[in-house]
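Colleague: Here is how the chains run, residue by residue.
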Amino acid sequence: MAAAAGNSGHDSTPGMTRQILDFCEDLRGEGVAIGTSEIQDAFRALEIVPWTAQVDFKESLATTVAKSPRDREIFELVFDRHFFRATELAALEFKDESESARQIQIQEAGEDAGPIDTEALAQAIREAIEAGDESAMNDLARLAIEAFGQQGESSGVVGVDLQRIRRGLGLTANDGAGEPGEQQRQPLDRDQLARFERQLRRELQRGQIQRQEKLPPARPLSELNRALPMRGAQDLAAVHKAVSQMKRRLATLGHDPRGAKRGRTVDMRRTMRSSLQTGGVPLNLAYRPRRPRKPEIYVLCDVSTSVSSAATFFLSVLHALHDSFRKLRSFVFIERISEVTHVFQEERDFREMAERITSEGGVADVSGYTDYGRVWREFLEDVSSDLGPRSTVIVLGDARTNGRPPADDLFAKVAQRANRTFWLNPEPELYWNYGDSVMNAYIPHCDGAFECWQTEHLETFVDIVAAGRPSLQRPTVRKSGHRF
Amino acid sequence: MKAVYSLAMSSKVSSLPETPEQVASTLRDAQYLADDSTALIAFLAQRLGKPVLVEGPAGVGKTELAKALSRSTGRELVRLQCYEGLDEAKALYEWNYRKQLLQIQASASTSPEGDSDSQVDMGEIFTEDFLLERPLMRAIANPEPVVLLIDEIDKTDQEFEAMLLELLSDFQITIPEMGRIEARTHPIVLLTSNNSRELTEALKRRCLYLWLDYPSSEREIEIVRLHAPEIDEALAARLVEVIDMIRELDLKKAPSIAESIDWARTLILMGAKDIDSKVFRESLSIIIKHRTDLELVAERIVPRLGRSGETPPENSKNGST
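Chains A and B supply the protein sequences, listed in that same order.
Using my numbering, the first residue of the first sequence is number 701, and each one after it goes up by one.
Using my numbering, the first residue of the second sequence is number 7, and each one after it goes up by one.
Okay, chain A solo, but in the shape it has when bound (with noise of 0.2 Å):
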């Protein structure tokens, strides 16, 4: 992909067709799949699109190769960062015409009204945003670069000028307390400002990129790489995305194998229609397809300290998937376990929510150390005799006893009762049966065990449930030893 981006000039065909193989080429290097049909597409639509109308143009290649929001998210920054080069490139190539051309332009406007008056200046340029015509405040960022640089402030470090040219005109977004200052300013819309700070960005690094003759390098967009949503609310939306997906695997999961012919009832339509084959006589008889049954679903999460930094993550999983399932019912844990369902269906703010949870659980005793064993015999006591064919059970912990005794013959019983169970892990799997970690004593009695650390890891959770791999298969003997 670097190769890709780096001689998206230099080639000696420079035709509208390179550039969009190049662009191409970039999204995929940023992880965007883009098969062969769709860049097809892409071309044909933009034979229909004239090419130069820039809204239509983008519009028209987004449609046809970003199918997704998130897809969409990065093509807006690879598109941005392709076409800038390219145009850059360009113009170090052709530097003597046009570049000379806009020298004087700018010369001009700088030699009639002597040095730029600001507050003209900041005046223009709010009406140009407010009005949210792209042309002119691109002309205006220009003009305040230059403004600023007649006054010898230019520092060379693109966002340090950046902020010095926004706190010099007085440009603030309507978000903080809006001083009711001097004349009643008009706040600024805050997307509004940010297309103008977009605009003097762009503007500054093409002043850079002239002086410097050459490209920067192109930075690779690792910051879109999805990370563990430590910072509870801002990250939600993707861990109720993967989770909206868990609830419907689960849902239509993991109950054709067993019984599948018992209580079926026959599809008098299907069964007609099938006879007709053997000349009207209902040789073969058509079932119904069974109903997908509604699971219960018990999740138990740790929040003790070893796994604080987890512990968000695990919540909000929680917040989301109360959002998705009627029947689930929720419980934290550390030394002793309690069931904090009622917190999550009064209360919808994630931040209140965790804040009640921590004051209300009551799951510190005395050391606030977990306590495993203690655990599953309060759960078992408490609540497996609701538990049944239909209930899955889900853990979120590190599986850390500090020393305690695992009993993992309790946990057996847990997982005899219910349907399925699901261990999910906030650490990477190297580090299980490391130091106080008993993982091991838990997995065999578990459906699946898997790492938790992403929103990635969560997706995969639901793919591989989903999948209903013939690893995760419980042996038969167990299955039919607790159902009769």
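Just so you know, the hints here were simulated from the structure itself, not pulled from any lab data.
Honestly, I wouldn't trust all of these hints.
A few chain A residues facing chain B, derived, Cβ under 10 Å [what the hints assert, rightly or not]:
# : residue
1 : ALA745
2 : VAL749
3 : THR763
4 : LEU1080
Simulated coverage check for chain B against chain A, where a stretch passes if three residues somewhere in it have a Cβ under 8 Å from a Cβ of chain A [as the list claims (entries may be wrong)]:
# : region
5 : 68-79
6 : 213-224
7 : 279-285
Glycine residues also receive a C-beta, built at the ideal position from the N, C-alpha and C atoms.
Following the hints, position chain B against chain A.
Modeller: Relative to chain A, chain B alone:
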């Protein structure tokens, strides 16, 4: 500047739009205010003959777009509402077994000779006469071009998606007993999804993609005024402002555009001049449909209204409940 568009596709339908602006204006005539990208993609869909996958939160007008397209192009709208367990017998086609049965019996009674004749009948009863058309089949077999709306595709399972692939890429359906049925006309196909699960790559690859979000305030004011023309401009602006505030809260179900319009109509009926906390409380149930949401909105939004509203707060408190 009017650009010249090359005719990339030769199609039987003569009324293909020439520019995205033309699509936008016909959609506007059909009471749908499309933004630039929506109009562009609707234009591309017709010119390229590709299905469009429309995603976005509930209530931003995904289904309405299909209806408006049908109105603006004068095509019939064929709608397939997806749900869990939807199968091909309900979506594609089914053999009309009653009719087939009667046919067999009828031919058996006219020619009592026996087996050899009924063998012949077997071939004859698997013809188009005995086929029950379901929405997808109806869409492509229709002699007039239609708009096909496959609503909430994310509610079905992946197997159903796979079944759609043949239809979406080649506009044809294969029936084992009969062979291939090809589309007589090119339908405009829209698939909508609320993003409740990830659709397969194969499906996405065959579609253009359109992400619809809540409209900007200006656009929503326009939409509200288009559908409730009696409302005055200031009230519409205020209404949209309040709706925006509500959408920023973390609600179970944020108010949709349709609900904004309903609310506007309600306000007209109530004869409200401004949205103060009294009016707001009385009409709250139009836009908020969850008990917990009601509480949250009452707690967060109502105080803000009391301050900025024209009626003094004490007054409005007495009036409510």
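Colleague: A separate judgement is required for each hint: does it hold in the structure or not?
Modeller: Comparing the hints with the structure gives:
1. Among the interface hints, the one on A:ALA745 holds; its C-beta lies about 5 Å from the nearest C-beta in chain B, closer than the 10 Å criterion.
2. With 10 Å as the threshold, the beta carbon of A:VAL749 comes within range of chain B, its nearest partner Cβ sitting at about 7 Å, so the hint holds.
3. Evaluation of the A:THR763 hint against chain B yields a held restraint, the C-beta minimum of about 5 Å falling below 10 Å.
4. With a least beta-carbon distance of about 33 Å to chain B, the hint placing A:LEU1080 at the interface is violated under the 10 Å criterion.
5. A count of 0 residues in the region 68-79 of chain B with a Cβ less than 8 Å from any Cβ of chain A is obtained; the coverage claim is therefore unmet, three being the minimum.
6. For the region 213-224 of chain B, the assignment as covered by chain A holds, since 5 residues bring a beta-carbon within under 8 Å of that chain's beta-carbons and 3 suffice.
7. Residues of the region 279-285 of chain B lying with their CB closer than 8 Å to a CB of chain A number 0, which falls below the three-residue condition for coverage.
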